[in-house]
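Participant: Sequence:
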Amino acid sequence: MMGPYGLGLPGIRFSTGMPSRKGTLSAPASATVTMSALEKAMIAIIEAFHQYSGKEGDKHKLKKSELKELINNELPHFLGEIKDQETVDKVMETLDADGDAECDFQEFVAFIAMVTSACHEFFEHE
Numbered sequence: 001m002m003g004p005y006g007l008g009l010p011g012i013r014f015s016t017g018m019p020s021r022k023g024t025l026s027a028p029a030s031a032t033v034t035m036s037a038l039e040k041a042m043i044a045i046i047e048a049f050h051q052y053s054g055k056e057g058d059k060h061k062l063k064k065s066e067l068k069e070l071i072n073n074e075l076p077h078f079l080g081e082i083k084d085q086e087t088v089d090k091v092m093e094t095l096d097a098d099g100d101a102e103c104d105f106q107e108f109v110a111f112i113a114m115v116t117s118a119c120h121e122f123f124e125h126e
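Each residue of the sequence shown is one higher than the one before, starting from 1 at the first, in full-length UniProt numbering.
Watch out, some of these pointers could steer you wrong.
List of simulated lysine-lysine pairs, PhoX-like, C-alpha gap at most 25 Å [said to hold, decoys possible]: (1) Lys-83 / Lys-55; (2) Lys-59 / Lys-40; (3) Lys-59 / Lys-90; (4) Lys-63 / Lys-90; (5) Lys-55 / Lys-90; (6) Lys-83 / Lys-64; (7) Lys-64 / Lys-90; (8) Lys-83 / Lys-63.
What follows is a set of in silico ranges between Cβ atoms, one per label pair, in the way DEER data are often shown [unchecked claim]: (9) Asp-84 / Leu-38: 29 to 37 Å; (10) Met-35 / Lys-90: 29 to 37 Å; (11) Thr-116 / Gln-51: 14 to 22 Å; (12) Glu-56 / Thr-32: 33 to 41 Å; (13) Val-33 / Glu-56: 18 to 26 Å; (14) Ala-48 / Asp-100: 19 to 27 Å; (15) Thr-32 / Asp-89: 39 to 47 Å; (16) Asn-72 / Val-33: 30 to 38 Å; (17) Glu-81 / Val-33: 37 to 45 Å; (18) Ala-113 / Gly-54: 18 to 26 Å.
Hints listed in this document are in silico derivations from the structure and should not be mistaken for laboratory results. Even glycine gets a Cβ: it sits at the ideal position worked out from N, Cα and C.
With the hints as extra help, turn the sequences into a complete structure.
Facilitator: Set out below in structure tokens:
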């Protein structure tokens with residue numbers, strides 16, 4: 001079954017209702033269900049991507065300048081501020097799996113997973 005964002009996960013059925021930006025989900029029985037912290041975090045990741053993507057072109061991809069702005073504004077405590085173009089180029093080269101010089105949502109999620117994993121390792125040893 002295909003879920004949100006075209007994901008095909010065997011044996012997993014996605015809810016028919018999608019969450020609103022307020023963090024609630026309309027349940028089939030018309031009751032309102034509050035989303036979990038993880039579900040809210042997933043929505044925040046999606047919204048952060050789309051807040052910066054498409055300012056300079058394709059609304060479904062981040063150009064280097066958009067990625068730099070996103071990192072500097074949304075991840076300043078985890079990654080610090082990127083000031084030089086060489087660092088932006090290296091980050092994009094690492095993320096750009098399909099070689100189009102832009103970062104699509106799947107590449108962005110892989111980046112978030114890498115940063116999250118590094119943070120987990122850091123806090124695990126603290």
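Participant: Now look at each hint and say whether the structure bears it out.
Facilitator: Hint by hint, here is what the structure shows:
1. Lys-83 / Lys-55: Holds, because 20 Å separates the two Cα atoms, which is no more than 25 Å.
2. Lys-59 / Lys-40: holds (22 Å)
3. Lys-59 / Lys-90: holds (22 Å)
4. Lys-63 / Lys-90: Roughly 13 Å between the alpha carbons, so the hint for Lys-63 and Lys-90 holds.
5. Lys-55 / Lys-90: Distance of about 21 Å is within 25 Å: holds.
6. Lys-83 / Lys-64: The given pair, whose Cα atoms are some 12 Å apart, holds under the 25 Å limit.
7. Lys-64 / Lys-90: holds (10 Å)
8. Lys-83 / Lys-63: Cα-Cα ~16 Å, so holds.
9. Asp-84 / Leu-38: 29 to 37 Å: holds (35 Å)
10. Met-35 / Lys-90: 29 to 37 Å: Holds: the Cβ-Cβ distance is about 36 Å, inside 29 to 37 Å.
11. Thr-116 / Gln-51: 14 to 22 Å: Since Thr-116 and Gln-51 have Cβ atoms about 19 Å apart, the given range 14 to 22 Å holds.
12. Glu-56 / Thr-32: 33 to 41 Å: With Cβ atoms ~38 Å apart, the hint holds.
13. Val-33 / Glu-56: 18 to 26 Å: violated (38 Å)
14. Ala-48 / Asp-100: 19 to 27 Å: holds (21 Å)
15. Thr-32 / Asp-89: 39 to 47 Å: With a Cβ separation near 46 Å, Thr-32 and Asp-89 satisfy 39 to 47 Å, so the hint holds.
16. Asn-72 / Val-33: 30 to 38 Å: holds (35 Å)
17. Glu-81 / Val-33: 37 to 45 Å: holds (39 Å)
18. Ala-113 / Gly-54: 18 to 26 Å: holds (22 Å)
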